[in-house]
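*Asks:* Residue numbers (my numbering), protein chains in the order written: chain L, 1 to 151; chain V, 1001 to 1451; chain S, 2001 to 2279.
No wet-lab data here; the hints were simulated from the structure.
Please read these numbers as outputs of a predicted model, since none were measured by experiment.
Take these hints with a grain of salt, some might be off.
[Stated by the list, open to error] In the DSBU-like style, the derived pairs of lysine-lysine whose C-alpha atoms are separated by at most 30 Å in a straight line are: (1) V/Lys1057 - S/Lys2044; (2) V/Lys1179 - V/Lys1308; (3) V/Lys1066 - V/Lys1009; (4) S/Lys2148 - L/Lys70; (5) V/Lys1341 - L/Lys17; (6) S/Lys2044 - V/Lys1102; (7) S/Lys2083 - S/Lys2028; (8) S/Lys2028 - L/Lys17; (9) S/Lys2083 - V/Lys1119; (10) S/Lys2023 - S/Lys2083; (11) L/Lys69 - S/Lys2044; (12) S/Lys2083 - S/Lys2064; (13) L/Lys69 - S/Lys2064; (14) V/Lys1057 - V/Lys1179; (15) V/Lys1051 - V/Lys1009; (16) V/Lys1009 - L/Lys146; (17) V/Lys1009 - V/Lys1057; (18) L/Lys146 - L/Lys54; (19) V/Lys1308 - V/Lys1341; (20) V/Lys1066 - V/Lys1112; (21) S/Lys2013 - L/Lys70; (22) S/Lys2044 - L/Lys17; (23) L/Lys17 - S/Lys2064; (24) L/Lys17 - V/Lys1149; (25) S/Lys2044 - V/Lys1112.
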Amino acid sequence: MRIRFVLDGYEVEADVKLTDTLFRVLKDRLGVRSVHFGCGEGSCGACIVLVDGKPRYSCLTLAASVDGKKVTTAAGLRVDGEIAEIQRAFVEHNAAQCGYCTPGMILVAKALLDQNQNPTDEEIYEALAGNLCRCTGYVPIVEAIKSLARR
Amino acid sequence: MDEFALLGKPVRNVQLLGHVTGETEFVDDLSFPGMLWIKAMRSPIPRGRIKKIDTSKAERVPGVVKIVTAKDVPNNYHVNMAALGIGPPDEPVLPDNEVNYKGEAICLVVAKDEETAAKAAQLVDVELEELPPVLDMEEALRPDAPVIKPWGLNAHIFGSGLDGATPRGGQGRPYFLVKRGDVDRAFESADYVVEGSYLVPPIEHAPIEPHICVARPEPGGRLTIYTATQAPYFVRDNVAAILNIPPSRVRVVSPSVGGGFGGKVDPEFEMQVAVAAMAVGRPVKWRWTREEEFTVSTVRPAVKIEFKDAITRDGVIIGRRARLLHDSGAYTRTSPYGVIKAVFNLSGPYYIPNVYYQGYCVYTNKQPSSAMRGYGVFEVSYAVELQMERDARTVGMDSLEFRFKNAYRNGQVSASGKVIEDAYIIETMREAAALASYPLPPHLLSMSSWG
Amino acid sequence: MRIEGDAGFYRPKRLSDAIRLKKSLGDKAMVVAGGTLAVQLLNKYLVEPEAIISLEDLPLSYVKMVGRRVEIGATTTVAALLKHQGLPQALAEAARSIHGLALREAATVGGNLMAPAPSGDLATALMALDAEVLLRGSRGARAVPLSKFYRGALQYNIRRDELIYAVRVRRAPNFSSFRKFTAYRYSGPTIASVAVGLDLDRRRIRRAAVSVGGLTTHPYRATAAEKALTGREPARETFEDAAQRVADGVSITHGLYSDAYLRRLASVLFVRAVEKVMS
């Protein structure tokens, strides 16, 4: 079936199979770089996108479900060509090493701060529990998020 | 530090911008026209003889292009560091006779997409005669154990040039040996003898990016391999060797790696992908699942270390015997190198004049092991430091003092015969104690690495 | 009336259409709510459905609270649930214990009722609140107590033409709580969970419900512990005695941890769950 959706501000169309996941379509059909395969079971978070503003595992989302919706990846956060505040904070705090978990991590960090302007450490760890990182040990990521907290 | 442009100054990782925008390129981003996908049919048992491979049902699945088996491999047997003299080549690209670990790929299905390849792989029927596996290192070394290597021992032969560290024609031993001084005399004159046994389990690297590889045949019998690897030259050498082509015909491109930690040091699957690409004459891609990553990809080896220390009344270690077992799993790969490193480090950063260290590279019917962060040394450090604690407690000495007393000094000679030139352990421990606000007594503060 | 679908993908907007589809497609169709478990089966090539019925467009995302009565629509996500104040405490604690923003946006209450261990935290909490599963099929609607909903491992009291449309707590008890223990501090699978629902005053525990999750495929009611609480004084000894009985008569089916450890863990979680009323 043919689906149409907005991806990072662009209107895209794709022919998808019934059982295709959004991840499969983004990565293997559309060649999107800003989602990554890590587990296929919603544990690692490397595939996370925003669907109509809400963080979702693209590997657990059926492609057919996003017909008519808005999908955003870390690549789509720029405003007037400038990277978003959360992205700048990650850069400044060295909150990435290999970069594979980063696009998903960025989106969940952003979603957290959109809901909660002053999260505690515990709230940050709970919100990011579905994003695994094997490189940084999480501390610089938490620091980056805290640096944006508005008291 | 002011006269330096970079030293002592914070420098930003140039990749960070690409990481936070998701623009950094990884292997999985690569796709070529006509590209096919690979899935493996894997052995369900740890050891067995292949009686029959029936691919007829799998071949009939629409979209399946080819099923690759051992007969498609020009030169089936390889070992990772052959270029450094390690041998013999004990690992098949695809098994032609026996399988030696649960999960070993028996054949590859190459199909138009991942789903088709996966479904067809489920339809391959393999008849295996189960053989008794060896799953424990001590059991593997017993004389009555089933033997899983053609040279008749479940251990790598060191000392005869096949370990990359010793000359050919030397005496072969089923262990790597480092000895110095007279360890028997040391035990005779010791006031304390302290024994300890330490086990380190295998550890899975679990990078968020699993093993992913794309191979593309090029004109003139060449091949480009795009793979997330920590060691492109290992990939090149091994791929060329099994394809029987000169290494100059293999180009290896490694984009950003999504975490390796040593788990992407061994070429584990690039040879298989290369064979598949050459067999079908088209680009092929293999994206490992997380399950494959856990159960098939290399792990840090399980290691067992036994120490026996001879210590004087004053708390000086005058001798050490050590026996180390390193679980290589089913195949050699890089393990001899790991064992050699480990054995050379069994004294830790401490001076022990009389030593006798044996390190075994043991084969078992498990997923092959390889490097991980501090290969060969991490597990030894763990055991050494625990042994130091045991030693200190037996002698009745403060364990920090025990370390100060036994730390290397410059000018001493290590177990391997090297004159120590850059020892700084005492000063480092002093610094660490100061940073931890841990008060040291004056006689320790006055010690130095220079005498 | 034809229900619109594209290559086997259905997004019915009315519950009656969803039911009709489930009845006519039977085993050929996979029903998907949030997809946290169902879509995994697709990723691992374990199932090959000819059709998919997605519940996402059904008007089943709601939370209705009237006094101590709560009704929650089956496709309400954990994220949506957490936006509501005044939920029975056990349910609120269970929902808060589900970590990861992306998981909260996908996990649904209905899906959680059907999810086997280590999932099913909401089911454990709801069971101690004496919740009922509200089902609707081609023959009408019915309510099944959650404690009677599980017939066996992955076997539910649900007919082929029925869908869960909501879960209802008729009257939340005046004290409830939920505690779980996971493999890691902020994440990881639930090893065990305990939920307690008590109607009590200073002198007596009038009604007690204790449910345990993680030890078996689906949560169970710890009736031996409940008997040791009902009618008794809410004193420390009463609770400590009941704690010893939370795994009585249960055949543990967890694969990764020992029987003895899990029994002890369940009793520790029970004590933590009733800490507030013990003191």
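*Asks:* Each hint: holds or not?
*Replies:* Okay, the hints, checked on the actual structure:
Simply put, V/Lys1057 and S/Lys2044 have alpha-carbon atoms about 20 Å apart, close enough for the 30 Å limit, and the pair holds. Restraint check: the Cα-Cα separation between V/Lys1179 and V/Lys1308 comes to about 14 Å, which is no more than 30 Å; the hinted pair holds. Between the alpha carbons of V/Lys1066 and V/Lys1009 the distance comes to roughly 55 Å, so the proposed pair goes past 30 Å and is violated. Between S/Lys2148 and L/Lys70, the direct Cα distance comes to roughly 41 Å. Violation of the 30 Å bound is thereby established for this hinted pair.
Between the alpha carbons of V/Lys1341 and L/Lys17 the distance comes to roughly 52 Å, so the proposed pair goes past 30 Å and is violated. Among the hinted pairs, S/Lys2044 with V/Lys1102 is consistent with the structure: their alpha-carbon atoms are about 19 Å apart, no more than 30 Å. Note on S/Lys2083 and S/Lys2028: the hinted pairing is violated, with a Cα-Cα distance of about 36 Å set against a maximum of 30 Å. A distance of roughly 16 Å separates the Cα atoms of S/Lys2028 and L/Lys17; the hinted pair therefore holds under the 30 Å criterion.
For the given pair, S/Lys2083 sits about 42 Å from V/Lys1119 by alpha-carbon distance, which is inconsistent with the 30 Å threshold. Using a Cα cut-off of 30 Å, the hinted pair S/Lys2023 and S/Lys2083 is violated, with the two alpha carbons roughly 34 Å apart. As the CA atoms of L/Lys69 and S/Lys2044 are separated by approximately 26 Å, the hinted pair is consistent with the 30 Å bound. Restraint check for S/Lys2083 and S/Lys2064: the C-alpha separation of about 13 Å stays at or below 30 Å, so the hint holds.
Note on L/Lys69 and S/Lys2064: the hinted pairing holds, with a Cα-Cα distance of about 28 Å set against a maximum of 30 Å. With a CA separation close to 58 Å, the supplied pair V/Lys1057 and V/Lys1179 exceeds the 30 Å bound. Our distance criterion of 30 Å between C-alpha atoms is broken by V/Lys1051 and V/Lys1009, whose separation comes to about 64 Å. Only pairs whose Cα atoms come within 30 Å are accepted, and V/Lys1009 paired with L/Lys146 is accepted, the gap being roughly 24 Å.
Of the pairs offered as hints, the one joining V/Lys1009 and V/Lys1057 is violated, with about 63 Å between alpha carbons and a cut-off of 30 Å exceeded. A hinted pair counts as satisfied when its Cα atoms are at most 30 Å apart, and L/Lys146 with L/Lys54 qualifies at roughly 21 Å. Restraint check for V/Lys1308 and V/Lys1341: the C-alpha separation of about 20 Å stays at or below 30 Å, so the hint holds. This hinted pair checks out: V/Lys1066 and V/Lys1112 have alpha carbons roughly 10 Å apart, not beyond 30 Å.
Distance restraint check for S/Lys2013 and L/Lys70: the Cα-Cα separation of roughly 20 Å lies within the 30 Å cut-off, and the hinted pair is therefore satisfied. About 16 Å separates the Cα atoms of S/Lys2044 and L/Lys17, which keeps this hinted pair within 30 Å; it holds. Annotation: proposed proximity of L/Lys17 to S/Lys2064 is violated, straight-line Cα distance about 37 Å (limit 30 Å). A distance of roughly 47 Å separates the Cα atoms of L/Lys17 and V/Lys1149; the hinted pair therefore is violated under the 30 Å criterion.
Restraint check for S/Lys2044 and V/Lys1112: the C-alpha separation of about 18 Å stays at or below 30 Å, so the hint holds.
Consistency with the previously given hints fails for numbers 3, 4, 5, 7, 9, 10, 14, 15, 17, 23, 24, ordered from lowest to highest.
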